[in-house]
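Here's the letter readout for the chains.
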Amino acid sequence: MIELFYIPEVILSIGVLLIIILDLYLQKHKYISFSLIQLLLVIASLYALTEVPQQNYSSYEFSEFTSLIKFLLILGAIIIFQYTYSHLNHLNSLKIEYFTISILGLVGTMVMISAYSLLMLYLGIELLSLALYALIGFNKHSGLSSEAAIKYYVLGAMSSGILLFGISLIYGFTGSINYFDIADQIRNINSNSVQYLGIIFGIIFITASLCFKFGAAPFHIWVPDIYQGSLISTTILLSTLPKIAVFIVFLKLYFIPFMALEYVWSDILIFIGIASIIIGSIFALTQENIKRLLAYSAISNIGFIILAMALVSNDGLHASLYYTIVYSFTALASFGVVTHITSNSHGIEDISDLAGLSKTHPYYAILILITMLSSAGIPPLIGFHAKLMVIQALINNSYILLSIIVVLMTVVSAYYYLRVIKTVYFEERENLISTYTSSNILLSINVILLLGLGIFPFILFDTTNFLVNLLTVISI
Amino acid sequence: MIPISYYLILSTIIFTLSIAGIFLNRKNILVLLMSLELMFLSVNFNLITLGNYLGDLTGQVFVFFVLTVVAAESAIGLALLIVLFRNKKTIDVDDLSELKG
Amino acid sequence: MIALTLILLLSPLIGTLLLLFCQNSSKDLTILISNISILIAFLLSLFLLYLFYSANPGPISANFLTFADTSLFSLHFGIYIDSLALIMSSVVTSVSLLVHYYSISYMKDDTSFNRFFIYTNFFTFSMLLIVFANNFLQLFIGWELVGLSSYLLIGFWIKKESAIKANYKAFLVNRVGDIGLLLGLCLILLSYNTTDYNQIFQIKNSINIDSVSIFGFTFNALSAICLLLFIGAMAKSAQVPLQFWLPDSMEGPTPISALIHAATMVTAGIYMVARLSPLYELTDGVLIFILYVGSITAFFLGLVALVQNDIKRIIAYSTISQLGYMTAALGASLYSLAMFHLITHAFFKALLFLCAGSIIIKCHHEQDIRKIGGLRKYMPITYLAFMYASLSLIGFPITSGFYSKESIIDAIGYFGHTIPYLMLLLSIFTTTLYTSKIFFKVFFGESTLPKEEQNENPSNENDRQMLLPLFILTAPSVFLGLFIYDPLMIGILFQNSLAANELIMSFYNGYVINSFKFFLHSFTTINFLILLIGLIFSYLYYYKKAFSINVPHFIRTTLTKEYGFESLSSYLIPKVQNIFTKYLWRKIDISTIDNGLINNTSSFINNLSSKMKKLQTGFIYHYSLIIISALIFLLILMRLTY
Amino acid sequence: MNIELITFFIFSFLLIVTSIKVITSPNPVLSAIYLVFSFFLSAVLWLLLGAEFLSIILILVYVGAVMVLFLFVVMMLDINIAKKSAAYIKYLPVGVGVFIIFNVLIIFFFINTFENINYNAINSINVISESNTENLGYVLFTDYIVEFEIAGLILLLGILSAIVLTYRKNPNNKYQNPTEQIDVEKKDRLKIIKGLKE
Amino acid sequence: MFDYPILSTLIWLPIFVGLILVASNDIGKSLSTTITLLTTLIILIISIKLFQSYDHSVGNLQFIEKFVWISGLNIFYYLAVDGISVSLVLLTSFINFLIAIYASSEDYNNKSSYLGYFLILEGLLMGTFSAFDSILFYIFFESLLIPLFLIIGIWGGENRKYATIKFFLYTFFGSVLMLISIIYLANLADSFAIEDFYYLTLSFEEEIFLLLAFLIGFGIKVPMWPVHTWLPDAHVEAPTSGSVILASVLLKVGGYGMIRFLLPITTEAGIYLSDYMIYLSLIAIIYISFVAFAQEDMKKLIAYSSVAHMGFVTMGIFLVFNLMGNNPTAAAIGLEGAMVQMISHGLISAALFFCIGIMYKHSHSRLIKDNFGVAQFMPIFSFMMVFFLMANSGLPGTSGFVGEFLVITSSLGSSFLFGFLAALSLILSASYSLKLGKNVLFGDNQKNSQGYLECKSNEKIVLGSLVIFVLYLGISPDVLFNLLDKSVSDIISSISLGRA
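Chains as they are written, first to last, in this note's numbering: chain A, 1 to 476; chain B, 1001 to 1101; chain C, 2001 to 2642; chain D, 3001 to 3198; chain E, 4001 to 4500.
Treat the hints with care, since some could be wrong.
In silico DSS-like pairs for lysine-lysine, Cα to Cα no more than 30 Å straight-line [stated by the list, open to error]:
| no. | chain 1 | residue 1 | chain 2 | residue 2 |
| --- | --- | --- | --- | --- |
| 1 | C | Lys2108 | C | Lys2377 |
| 2 | E | Lys4435 | E | Lys4361 |
| 3 | C | Lys2544 | C | Lys2561 |
| 4 | C | Lys2160 | E | Lys4361 |
| 5 | C | Lys2159 | E | Lys4456 |
| 6 | A | Lys95 | D | Lys3191 |
| 7 | A | Lys30 | D | Lys3169 |
| 8 | E | Lys4369 | C | Lys2582 |
| 9 | A | Lys95 | A | Lys28 |
| 10 | E | Lys4435 | C | Lys2575 |
| 11 | C | Lys2159 | E | Lys4435 |
| 12 | C | Lys2165 | E | Lys4460 |
| 13 | A | Lys95 | D | Lys3187 |
Chain D side only, calculated, beta carbon under 8 Å to chain A, not exhaustive [said to hold, decoys possible]:
| no. | residue |
| --- | --- |
| 14 | Phe3109 |
| 15 | Thr3113 |
| 16 | Leu3153 |
| 17 | Leu3160 |
| 18 | Val3164 |
If you are wondering where the hints come from, they were derived from the structure by calculation, not from laboratory data.
Computed from a predicted structure; not experimentally measured.
The beta-carbon is built from N, C-alpha and C at its ideal position, and this holds for glycine as well.
Could you build the full structure based on these sequences and the hints that come with them?
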């Protein structure tokens, strides 16, 4: 048991408690608290990499796979925090509580990842969701922020209810909440037995709820509003960490307990994936608000992830994992750039706020260019390789028609990315654009990696390949 | 002797009632929150009943955690409600459509 | 010999290039370079001619530059030396030389003096390229290059609106013919994998057996090729219906009209058919076609000349008509006669044009013969030269024109081509009429030009530089026919270059006997009668103005409008072109394809997006309804499936 | 028809009625009161199922804490009694439709599934003793200890968030901050402004 | 032979320098000009070396560089050239060098970025022409859009936003379908190497779909008839050098792709559909010529003329399908014609766009009616422009003739009608080309209100060298044929590979 002390979750939880207390004494010197937080994260990430407890807890998984994912999550958090710190500092609304709540949410994502029982999963999701409710509503003086928060709260709670309903069905008809036992039960079930439909219904409820958390169509409906309403730093958080976590939950749920019913859920997920891609692409076309735009872009990206995963094949799995990481990376970069820019002394809201950026801040213009092109899937940027892998997986599994729809939607979606570039580069309007440089280097590295990994995709490719191998070892 | 399905049917009815409550509600967010409470209540019914059916305590343990979480959730929800009220001077559902499109 | 020919061929080109690089140097240098390069070419032609007849090596064909040499085909630039080529080159270079010399004075006041000589030199080179071509590709290249130089020279006065319209038209009409030529060339290359004259000549009989499908009809391959090639000749040699560019091309400087649009370039078509006579000889159908095209051109375009008033246009129509004679001769397999007329025509028509040039420059670029008059006393030398040239043109006995033209008419009659014969006969009359019309109106009568513009210095002829070529040209215009008639008819002149020598021989032996007998005999023919009637008629009508004829308006209009070709080319085609192309562009390209297909798709998707955006109402209850509906949908789906 | 079944029917009927009342009463205070009723009724039904500890918790925590919180908020926010709007009527069929479809789907499914299983819902599960509370406590602190800890984190997060969200400094309050006063350095006391030349 | 990676140098050197120029953000006009000139010159020298050391006597792939790039997906960093590639590589480096010379006297804001994007474009083009792994090819092919998009968008004309987005989406649309086909093929062949695709046995339906996908992809790039409408817009809005590179090299990517992918892979379907595709090409040649005639904007006119001339390229390629069975020689002639036409059009259209750019600098209008009487003030320029216009209308002795000649020859092998219709281009191209000359160069212009001035020496060098090359290739295209001959016959033989 003492060994468990060293897992990053524990370190983070205890660290957060300490920082909450310390912060009370460091009101004037917030940067100290912030540095402590970052230090805490770094330590946790190191532990995530080095320590893999051998001792297993039946409802909590420790493995190289989860450790690596946790490492990635913490890494993402470090980057996000850095952006957030600069952003909030710039807007004079820095509060250390923002980070402590975020860290608790981060712990939530870790719990989700490691969860090996439905109860643990539920707790993880709730931990994350509660943190997100608070973070979305964090901008207390903004009506939009609180509107977004209450919307997310109501819908999120509803989806938790749906999740619980599904869990209760699964629990009732398999007799267990442990993934392994459930998998065992489902494997031995035949389609004539009483439990069969109950389990399928349970899976549907859980799928609906998870798709809601993921932001996949038609459960995506909250995404644009919430992205728009919250602080842009929250938007980055929303569009990266929870997505990775939910994706891993998807992987673990569907490929371990529900694997035997693969023929049931894979069709549903393919439908959801395609719907997300189409809706994400088409709705985004006429958006004016950049956060809404990126929200719809996120929806369509989620569609890609789900679609690849729903193929239930090794390359599909690999593609979805690769896509998830690439997507998070791109989202970090694209939102990251936006956090670094203020227009007319506000954060960037509308696309038109970016007009003329290339004249005043060519450097940032290039960053936006790269991120947008990467999102659009234009080679040689990393976004292209991700889309390539998904399409390849589709074609390998003989979904030719789907792949055509997908690429056509890629073309449609390229339009709105180009619109952003167009505004940045080709339009000349005087905006009082200012930028800040505190986390500039990190951002640059972030963006340059989009290009660098595009030219040398095998680095990331090998990593994800390793991860997928780990995962298949677990699930089989 | 109460057949297991009775409890399940009851919980389903309450569950659907609470869902209907969410989208039929034209009044204020507070009632929405109450509907959500009802929803969790119905799920708890399910869990306890099915736990009993399985002869397994896990269902009750689950309910225990759900109760805990929902309590915390309500706290946050009410806090958000207050913030919303401060900003908009209203908690009418119909007034919450600034974010759209 | 090959080397010399090469030098002959390239010296105008080198001249062109030198001129190109000395564009800004003095006029003297330009004159020097251009004239010397042509002089070299001319002297070499004569020398080669001498060499050729003395050594008589037979036709020589050699390649000197590889165009392409691949596994699929091999194309070269080469030279083909035989009597035909050398005679033609002598004609070309001699006329060219004289025109160059003449132009020194004619163009002396022009600002683009140098440019003029660049063009003319380049033209001479291109023409020689055709003359010495040993394959079809080179023929085509030269063909197009003379077209280019003609284009450039017609539009030499770039500020003159009518000139740049005329050169545009000339080039395009020539292009129509070039399509035929190009298709013929491609067909040869594709089917026989060579374009070399000799090789094609060798397999001509097997080509004659092959067939080729054109628009679903099956043709004899050789006929098809020859017909296609002849379409090229029709455009270049201004045969009906592709003749209408030539009168307009008179917008260029007059020496150019002399050189290109009378003496040399327009005869390229004749030359080509003569060159390929071994092939044409095998294609009876095509020959008949050629014969009729030629005689129709000769007659009807001669008529048009009657109603013209511009001195150069009259001569231009006369050129078309004379080319018609040559074509008709070709069509009757009388290749050497066609060549003969080509040669004599080159000289006397060049002379006519140069005279016209003298007149025009004297009259300050006034070309309307109704306004010019009484120049006889001011320009006696020009008057004489013009008279000789005119006599030659109308075929007055003993002149060069007489020998070439009469023998064509007689030979056609002799071989029984009745309808062409009649048409050609009649056009003797018209030729006489329009020639006399110019002659009498310009040199006699009174000028209607303003007095001060008429002559500042009436006693002066033009300067010597302009007169010398007139002198020189008068000689061949009058006497050349007499000298070369016999050797030509018995086949010494062209040796075996031309096919169907035996036909000429039979005509010669059966009808002409020798040049002097032919001369004497001609006074007894109907030809001479017509000529005399024409002369008398025009003397009375144009000079004495003894009577007036009311030509019906309809006929006059038809002729002025050149049987409708005029309106076709200058009104209808451009109009249709403008409207039609604008329609294609605006209606089909922009409206249908671009807006209809492309932009509509994008705006459709955009509209869809903005419509669908309304689904996102922002109300929680709608959102939850959507989520629940989706859930229920999935549940029902599962319920129905499992 | 035994006593349990009768109890079940009575209470469940009441539960449904109060639930409907919760979502339909125009006055949120009434809604809250009905919700309290619902919780009470549920507690009874849970008791019937043998989940004594949970039913007590439901009353203590929910009725005692959460619902009171709700009522506080209702009072605090001074919310008007809403009238039934036209939109309500418009959406009522949709709501009823969804309600019916959903119910039919799930209820029929439950009925189908359990029609051959005559299983009594009333069941007491014994792990270490007869006492439900003892059993629950035992399981909670052995098998579910990690979950228990995480629940602690969730509560911490709840507290933290609620405070962060609702806490506000009244800008009109005039008070001294001793820390700031002590922290002052020399350079803060006097600020030298370069005089404008014109 | 070289033991250093000559192809990689060709690709990465300009990209690297270009990135530096873009990143350095306006380092000064003269410095960036010098750097660009030097780089393009080095690239030109290297590509000439490549040309020299390329072994003409065999048509196979040479200078192969092959490394594993993404091992899991079987994607290789696989560069090589054959004769076809070498000719296009030479064209690219030559045109870019000319652009560098031309741009040296131009003044743009943020010139270093401008030149940087051109260098990047050059490198990517090199990559496109030498990549033999299909994904690598696709990456280069697609990346081309980025620098061109920016060049037109930033330094373009009034309506550039519409034009760039249209251009980008149009071509992107085409290429994604191509991507699907590539992946599909790779899936069957278990390799992304292009030549492995040649050995696949595909069913007829598969071939049809693949053909259509490739046809849309490359057809938009070429552009073929119904999908050409992006080109005039893009050209009109592009800065001069942008138009030049777009017309002279970028369009060739489409033709190149067709030769590489369409011909050997989808032969059966190609034979089945060849008539329709030839009709499309003929429509491009004839109909577009008419449309070109109607243009009022000089750039649009030349843009449409480009479409018409590229019609010859596609026609030559599709004739291969039509002729392969009964007349392989004619097929090969057609293909060589297509290649020569590509190179020649690359030179001529570049020259014409330069010419228009030079006029535009003085008159600030691209409309035909605003420009007239240029020849009076710019005689040398006008001389060269007339030359290029003539070359554009396929005058023998210029390179413009050779390609058309060969394609027409080849088409006669298929049907006389095809040959006749294609030959109509002789009139049509002359009519619009000379119309431009007639209205713009000639005519009386007394006031010179446009302020025409004889072109500067660097512009003379640009146009002059183009004149020389157009002439050289027109009089003695043997160099080109030597280069292409073996590779073309290799392509033709690889067509039979797939059929076996």
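> Checked against the structure, which of the hints given earlier come out wrong?
Replying inline: none
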